[in-house]
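Novice: Single-letter residue listing:
There are 2 protein chains.
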Amino acid sequence: MASGGPEIEQLIQLLARLPGLGPRSARRAVLHLIKKKEQLMLPLSAALDRAVLAVKSCEVCGNVDTTSPCSICADPRRGESGILIVVEDVADLWALERAGVGQVRYHVLGGVLSPLDGVGPDDLNLEGLIARAHDYSEIVLAMNATVEGQTTAHYITDRLTGTDIRVTRLAHGVPVGGELDYLDEGTLSQALKARTVI
Amino acid sequence: MASGGPEIEQLIQLLARLPGLGPRSARRAVLHLIKKKEQLMLPLSAALDRAVLAVKSCEVCGNVDTTSPCSICADPRRGESGILIVVEDVADLWALERAGVGQVRYHVLGGVLSPLDGVGPDDLNLEGLIARAHDYSEIVLAMNATVEGQTTAHYITDRLTGTDIRVTRLAHGVPVGGELDYLDEGTLSQALKARTVI
Ligand SMILES: [Zn+2]
Ligand SMILES: [Zn+2]
Chain A
1 MASGGPEIEQ
11 LIQLLARLPG
21 LGPRSARRAV
31 LHLIKKKEQL
41 MLPLSAALDR
51 AVLAVKSCEV
61 CGNVDTTSPC
71 SICADPRRGE
81 SGILIVVEDV
91 ADLWALERAG
101 VGQVRYHVLG
111 GVLSPLDGVG
121 PDDLNLEGLI
131 ARAHDYSEIV
141 LAMNATVEGQ
151 TTAHYITDRL
161 TGTDIRVTRL
171 AHGVPVGGEL
181 DYLDEGTLSQ
191 ALKARTVI
Chain B
1 MASGGPEIEQ
11 LIQLLARLPG
21 LGPRSARRAV
31 LHLIKKKEQL
41 MLPLSAALDR
51 AVLAVKSCEV
61 CGNVDTTSPC
71 SICADPRRGE
81 SGILIVVEDV
91 ADLWALERAG
101 VGQVRYHVLG
111 GVLSPLDGVG
121 PDDLNLEGLI
131 ARAHDYSEIV
141 LAMNATVEGQ
151 TTAHYITDRL
161 TGTDIRVTRL
171 AHGVPVGGEL
181 DYLDEGTLSQ
191 ALKARTVI
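If you read the protein sequences in the order shown, they are chains A and B.
Sequential numbering from 1 applies to the first sequence in UniProt numbering.
Sequential numbering from 1 applies to the second sequence in UniProt numbering.
Extracted from the complex, chain A is given alone in its bound form:
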């Protein structure tokens, strides 16, 4: 039977569809919300309403913001470096921003090429990238180090061949604070090849 009535059951089922939450943790989350009705449930309800109205996808780069163009695309200082970082996903853009990579711009592909999953060039924001790439002097390919990520990087590199745009990728290596014996051999050998003088 459904515990707590249809309104509560439906809230549990919707929350269970969020990444990282299953039916069990969604139930715990809903009980927590109900317990903290004034301090958490009401503010969350209001914040969600506000976000639904405010959220836009940036028509230039694919970032998520409350304006389009987004605050990064609209900031002229972001253009001065001439660096455009290509990422798979908005989450990657946010991660680079948290890392404080500096006054750069981004381009969100919205995925990676994956012939097996039926994802071709037209399914990604690739033409938008090729069109705006010419405004930048360097394109940093920051796709994940997966087969699909690297296939996508090759595709973009090919498309930009013959231009004078510098195409680079993120360095491979040992994560800061990472322990060597937890790393795969590919990372280790790349880290050794790319070793630097101290």
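Heads up, a few of these hints could be off.
Because identical chains share one entry, a pair is satisfied inside a single copy or across any pair of copies.
Pairs of lysine to aspartate or glutamate residues, derived as DMTMM-like cross-links and limited to a Cα-Cα distance of at most 20 Å, are as follows [what the hints assert, rightly or not]:
(1) Lys35 to Asp89
(2) Lys35 to Glu88
(3) Lys193 to Glu127
(4) Lys36 to Asp92
(5) Lys36 to Asp75
(6) Lys36 to Asp89
(7) Lys56 to Glu185
(8) Lys37 to Asp49
(9) Lys56 to Glu38
(10) Lys36 to Asp158
(11) Lys193 to Asp164
(12) Lys36 to Asp49
(13) Lys36 to Glu59
Hints listed in this document are in silico derivations from the structure and should not be mistaken for laboratory results.
Keep in mind that this is a model prediction, so the values were computed, not measured.
With chain A fixed as given, assemble chain B with the ligands onto it according to the hints.
Specialist: This is chain B with the ligands only, laid out in the frame that chain A set:
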């Protein structure tokens, strides 16, 4: 810097306060919501609004429902067994309902006695339990098998001494599907003591 504007940042911070979600998973959840705006974000927003309006705490048992008395307290068949199960939390009530324990009623204490944390009898729904216990022939104490849970069980047992109400507790034993070598010794020795003929 805040990624995605103040509306998104605030939503992340509120979601991060749910049990099982941290700042990282809250960010992922919000990005997922934004990606699935029509299919998930809008329905979740509406469901939360409805739940905020509908949710009530049952004045009889402490359950969470959309009516008070809750559907369990209002159902006369639930009273026929004469069994009242005392739980710490609404989550425990829901777990017992999912387990299909039958036509019983519940009483939610809202916590356990914990002198170290300053939780005394007046902080729990204990007087309500003592008052309604006399309508039942058996009180099953289903608090967690912690020191505080057992202290609370003793307190209730003492309060009901001298009445003709039968006070019981859940059996200890090996969880169904549980592996012996992952169990603590207390559980194992209790399971051996309570062994049954096959
Ligand atoms: Zn943008
Ligand atoms: Zn009730």
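Novice: Could you run down the list of hints and mark each one as holding or not?
Specialist: Hint by hint, here is what the structure shows:
Taking identical chains as interchangeable, the C-alpha atoms of Lys35 and Asp89 lie at most 20 Å apart only when they sit on different chains, with a minimum of 11 Å there against 35 Å within one chain. Only between protomers do Lys35 and Glu88 lie at most 20 Å apart by alpha-carbon distance; the minimum there is 14 Å, versus 38 Å within a single protomer. Taking the shortest Cα distances, Lys193 and Glu127 never come within 20 Å of each other, neither inside one copy (34 Å) nor across copies (72 Å). Within a single copy, Lys36 and Asp92 get their C-alpha atoms only as close as 32 Å, which misses the 20 Å cut-off; across copies the closest is 18 Å, which meets it.
In this assembly of identical chains, Lys36 and Asp75 lie within 20 Å of each other by CA distance neither inside one copy nor across copies; the values are 39 Å within and 28 Å between. Only between protomers do Lys36 and Asp89 lie at most 20 Å apart by alpha-carbon distance; the minimum there is 14 Å, versus 33 Å within a single protomer. In the homo-oligomer, the alpha carbons of Lys56 and Glu185 never lie at most 20 Å apart, since the shortest distance is 41 Å inside one protomer and 56 Å across protomers. Proximity of Lys37 and Asp49 under a CA criterion of 20 Å is satisfied in both settings, with 16 Å inside one chain copy and 12 Å between copies.
Taking the shortest alpha-carbon separations for Lys56 and Glu38, only the inter-copy value of 13 Å comes in at or below 20 Å, while the best intra-copy value is 29 Å. Proximity of Lys36 to Asp158 under the C-alpha cut-off of 20 Å is found in neither arrangement, the shortest distances being 54 Å within a copy and 32 Å between copies. Neither within a single protomer nor between protomers do Lys193 and Asp164 lie at most 20 Å apart by alpha-carbon distance, with minima of 27 Å and 80 Å respectively. Taking the closest pair of Cα atoms, Lys36 and Asp49 come within 20 Å of each other both inside a single copy (19 Å) and across two copies (15 Å).
Proximity of Lys36 to Glu59 under the C-alpha cut-off of 20 Å is restricted to the inter-copy arrangement: shortest distance 17 Å between copies versus 38 Å within a copy.
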